Amino acid sequence: MLSSDIMRGYNDTLILSQLLERDSYGYEISHNIQQLSGGVYTMRETTLYAAFNRLEQLGYVTSYQGTKTFGRKRTYYTITDAGRQFYREKCEEWHVLQHVMQSFIKEEFI
Amino acid sequence: MNAIQNYINALFSSLPKTPNVLRMQAEMLENLEEKYQALLREGKNEDEAIGIILAGIGTVDELKAELGIREEPHDIPKDDHHAFLTEHAAFQKQFAIAIAGGVALCILAVIAGAVTDELFHNDILTVIMILGPIAIAVAIFVFFGIREDWYEQRYKEICNDLPTGDTKSSSLITVVSNLVFPLAAMFYLFIGFQYNLWHPGWIIFPICAIFVGGLEAIEAYRKTKQ
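Here the protein sequences line up with chains A and V, keeping their order. Every letter in the first sequence is one number past the one before it in this note's numbering, and letter 29, counting from 1, is 29. Every letter in the second sequence is one number past the one before it in this note's numbering, and letter 107, counting from 1, is 217.
Just chain V, same shape as in the assembly (with noise of 0.2 Å):
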């Protein structure tokens, strides 16, 4: 009787010790005494006998299912999902508002260049004027692509549940990429005011496209590596 002892000691020490457990387990094991009786009186021998009972108890987790009990790590993610879920759908419209607003900022920056230049006459004024502004929203634009890239990355393992595999160089060379045509933006309009360079300056354009294009090409590459 000692190994069906042992066996239900073990089958309930992981189990919260409730009266309602501890009655089940006392319960359970007078029974099987009584089993084990009968099994004897059967003619089985005490091996024969033990063997049939420990087949028959079931197991830990059998025990744990019927009696409700969950295991807790397995609720947790969950309730972290959702509320990443509901952060990040937060973040999208603030995301799309900064956006809204750097463009403003860029087109606000055109109309402040071209009214300072036409009140003051002073060139150093004007650049400071369109600059000031475009300088804002760059900042707006990096910050929150960077926040936009965090959270893609994120979403995208809740929703795969995959592991994200090259995050900080991938999210380098977006930011690099983010970052280029804003500063050539900000690079042709000080050169078109400033020296009036309108015309060789817009091949910035073109060679920031060609150089995008081979940091994407890069982090293709890469990616396919993996």
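Next up, chain A with everything else stripped away, as it sits in the complex (with noise of 0.2 Å):
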């Protein structure tokens, strides 16, 4: 498992990442987070709440109401250009990182 600590400053990627193709809300994102980290990453709903509405605020998401088969409201979320353009940088931070993370991972020693 990994814990929230580690996952901190890129909750918002794997957030945005999750609307690239379509809208989507809350418990669907977090339910597809857990599915694609296999399991070893579950965030947490203050963690996933709080970033909507960080993303929000910043102009990098916009939400709405919608509606679910049995008549419940949804709040779905749509990704800006300015979204977009904050997880193209996101990503490329994580090259970097990666890159910089890799030359201290010395093999013969693990």
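There's no promise every hint is true.
Unchecked claim - DEER-style ranges, computed between Cβ atoms:
no. : chain 1 : residue 1 : chain 2 : residue 2 : range
1   : A       : S37       : V       : E156      : 46 to 54 Å
2   : V       : S124      : A       : S37       : 30 to 38 Å
3   : V       : E158      : A       : S37       : 19 to 27 Å
Stated by the list, open to error - With a straight-line Cα cutoff of 25 Å, these simulated BS3-like cross-link-like pairs (lysine-lysine) come out:
no. : chain 1 : residue 1 : chain 2 : residue 2
4   : A       : K73       : V       : K127
5   : V       : K266      : V       : K335
6   : V       : K174      : V       : K127
7   : V       : K203      : V       : K266
8   : A       : K73       : V       : K145
9   : V       : K266      : V       : K333
What the hints assert, rightly or not - Pulled from the structure, derived: some chain V residues nowhere near chain A, Cβ distances all over 10 Å:
no. : residue
10  : T169
11  : A222
12  : T284
13  : G323
No lab work stands behind these hints, which were simulated from the structure alone. The structure displayed is predicted, hence computed values, not measured ones. For glycine and all other residues, C-beta sits at the position ideal for the given N, C-alpha and C.
Take each chain as given, in its own frame, and dock them per the hints.
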């Protein structure tokens, strides 16, 4: 299991990645993140919904009310152009970080 | 679902009720309800589903950290410290000026005494001219000595975050030590000019040194005892 401390700084990237192809909502995003991580990372609800709040304030996502089959409301999120730009920047940052970290991973000592 | 709703309500209870926070609370609840249904479909029983959900929500501290809500009291002492340090720096300047002024008064006293003696040949007037400025100088030394002591204590507290030990008695000893030598000087000048007892009169200074040394030893002993 990955701790939330380790993943801090990349939660926004995970969330935005789930909105690149289509709009989505809280439970679906959280479920997909867990599945894609192979069950290694479960994003806490507090982290997820606070991130939505922050991303919306930054203008990276917009929200709207959708409906569900049995009538309960759902809040959907759409990624904005600024959000896509931010996602690209975070991906580039990740490549740099990955490269840097690799320099410190000494295989012969593992 | 009641357990989840109660948990969410408790989680948000200490947060400010802004539209954003209320919306987040409602959104979290609606999505957790869906998660609950999904867990039941996966074959979990109700208790298991609630357990999984509650374990994954997170704590109020995490929520506050995520939302950037900081506890107020943590910030106030820092501002307080900053204000104190500014005040302390200003006081140190005042202190230096006051000490220099006190020393100047002592020198002035000797000159005034000599001049008065030369002009009027009046012993009483001469003593007044000497003791007057010295009394003012002593008052300055004592007043600023006490304040300096108080500032130093607080400064040490802030720097080390150590509680001050025996503030009252140690500052009393400091005040006495500060007083002894100026008083001795006054007394020495008085008996010198008035009765011409300069020669055995100087013995007052070694006596004072021993006295202050004794006081400092007592203070040091008290500190080690604590």
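Hint check:
no. : hint                          : result
1   : A/S37 with V/E156: 46 to 54 Å : violated, 26 Å
2   : V/S124 with A/S37: 30 to 38 Å : holds, 31 Å
3   : V/E158 with A/S37: 19 to 27 Å : holds, 21 Å
4   : A/K73 with V/K127             : holds, 21 Å
5   : V/K266 with V/K335            : holds, 20 Å
6   : V/K174 with V/K127            : holds, 13 Å
7   : V/K203 with V/K266            : holds, 18 Å
8   : A/K73 with V/K145             : holds, 14 Å
9   : V/K266 with V/K333            : holds, 15 Å
10  : T169                          : violated, 7 Å
11  : A222                          : holds, 74 Å
12  : T284                          : holds, 49 Å
13  : G323                          : holds, 57 Å
Going down the numbered hints, you'll see the structure goes against 1, 10, while the others check out.
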